[in-house]
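Chemist: Taken in sequence, the protein lines are chains A and B.
Counting in my numbering, the first sequence runs without a single skipped number right up to 287 at its last residue.
Counting in my numbering, the second sequence runs without a single skipped number right up to 454 at its last residue.
Hints listed in this document are in silico derivations from the structure and should not be mistaken for laboratory results.
Please note that the accuracy of each hint is not assured.
[As the list claims (entries may be wrong)] Derived contacts from chain A toward chain B, CB cut-off under 8 Å, selection only: (1) 6; (2) 15; (3) 37; (4) 41; (5) 107; (6) 206.
[To be verified] To give an idea of the interface, some chain A residues facing chain B are shown, with a C-beta separation under 10 Å as derived from the structure: (7) 4; (8) 8; (9) 43; (10) 53; (11) 109.
Just so it is clear, CB atoms sit at the ideal spot from N, CA and C, and this is done for glycine as well.
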Amino acid sequence: MRAYVPGYDLRVPGSLSEALALLARDPGVWQPFAGGTDLMVLLESGKLSHKRFLSLAKLEDLRGFETTADAITMGALTTYSDILKHPVLQSEFPLLCSAARETGSVATQNRGTLGGNIINASPAADSPPALLVYDAEIELVSARAVRWVPYQGFHTGYKKMQLAPDELLRAIRLPRRAKAWKQYYRKVGTRRAQAISKVCFAGAALTEAGTIRDIRIALGSIAPIVLRAVKTEAVLRNAELTPEIIAAAKETLAREISPIDDIRSTARYRLRVAQNLLEEFLSQLAR
Amino acid sequence: MVESVSKIEIECTVNGEHRRVQAYPMARLLDVLREEMHLTGTKEGCGEGECGACAVLMNGAIVNSCLVPAIEASGAEIRTIEGIASGAQLHEVQEAFLECGGAQCGICTPGMVIGAVALIERHAYPSDAEIREGLAGNLCRCTGYQKIFAAVARAVEAAGKISPEYR
Chain A
1 MRAYVPGYDL
11 RVPGSLSEAL
21 ALLARDPGVW
31 QPFAGGTDLM
41 VLLESGKLSH
51 KRFLSLAKLE
61 DLRGFETTAD
71 AITMGALTTY
81 SDILKHPVLQ
91 SEFPLLCSAA
101 RETGSVATQN
111 RGTLGGNIIN
121 ASPAADSPPA
131 LLVYDAEIEL
141 VSARAVRWVP
151 YQGFHTGYKK
161 MQLAPDELLR
171 AIRLPRRAKA
181 WKQYYRKVGT
191 RRAQAISKVC
201 FAGAALTEAG
211 TIRDIRIALG
221 SIAPIVLRAV
231 KTEAVLRNAE
241 LTPEIIAAAK
251 ETLAREISPI
261 DDIRSTARYR
271 LRVAQNLLEE
281 FLSQLAR
Chain B
288 MVESVSKIEI
298 ECTVNGEHRR
308 VQAYPMARLL
318 DVLREEMHLT
328 GTKEGCGEGE
338 CGACAVLMNG
348 AIVNSCLVPA
358 IEASGAEIRT
368 IEGIASGAQL
378 HEVQEAFLEC
388 GGAQCGICTP
398 GMVIGAVALI
408 ERHAYPSDAE
418 IREGLAGNLC
428 RCTGYQKIFA
438 AVARAVEAAG
448 KISPEYR
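Excised from the complex, chain A in its bound form (with noise of 0.2 Å):
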């Protein structure tokens, strides 16, 4: 059933500080709401219980790219879009270009946010498989103070995240090491157009000579949250491409995620093709 529209409030502040101030003095009433290609859903099936929000819409120092010789800093409110559209992202990080290419349509791309991506905490999110890789940091803002955290850990449980309620996703940054990486990026969904991910899976590798020097490995839709496959990077790390590794590494892996059963696929299913994105990524380093 579709919501009773005019029992929902829908604040726009002008200015950071001019939101920052209302989180605080209203910790938990107002809740973000970026590109709203989640909320609005939620809103027109009548499944949105919350009924306060904050658009960030006006929000200027949410938007924009930073680049540096270390690091690339995007606003939380960078597009899907916009990354499509970024010079630095496109020859550095196709793994989150890919991601942006693969959600939803163009008129999605257009609305929908890194930082909505994160904040809405799906783990079917596919963006986030790709900034675990990357070792993206993000910043945290309240009126009382700023701080850069590891995205790793951010998400600690199903929905759940280490975000005060007086706290805003101000940017997210990349440093700038992937160049040299062989990177893999593979979403899997009942169709190629608009799809929600049964799996995602991103993959970066430095190898010399056949031997896998470092490794990143994540994976969305396995687990509660989006997970960095961290037992399975330390079977592969400094190990020589061999199938008996391949296979170990597909056997930890196994034990590494907790795909379910859900409207989208099964446990199973998601369990076989997590397993042969990975025999997949590995083989191409091999070549």
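We have chain A already, so just place chain B on it with the hints.
Modeler: Okay, now just chain B, sitting in the frame of chain A:
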């Protein structure tokens, strides 16, 4: 449960005309266009951003108006299907839909036309793959898509946007 909030004033430009309406803060742009501005060319299909029937151009970018709170359109330039033709002169996309039989029941058509206009404005020379990608957010339950694809390909040609290598 919060009680009802008050309506607020929203000002924006729609199809080149300055408009001012009262709406609830969380009212969807789709409903404000249709019910307050009586621009009923924009259709509601799924209401959850999957089908593209409600697509409009907001500051030149295609968006699904069912997912945009009208308040976030404050100060924006909106173009709906009613603003695509120039008076009696149809847009080349509309002409091409007529010539190729790109519409049947018509519910998806306004969104398809907006999607095609956005595509042509975005790409210098859209390839066949880019046409398909550009229309991937618009669902049609009648045509099987071939005639729509043909119409957009023809519009691309009519707009002089065929890649030099195919000329």
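Chemist: Among all the numbered hints in the text so far, which are the ones the structure does not match?
Modeler: 2 and 6
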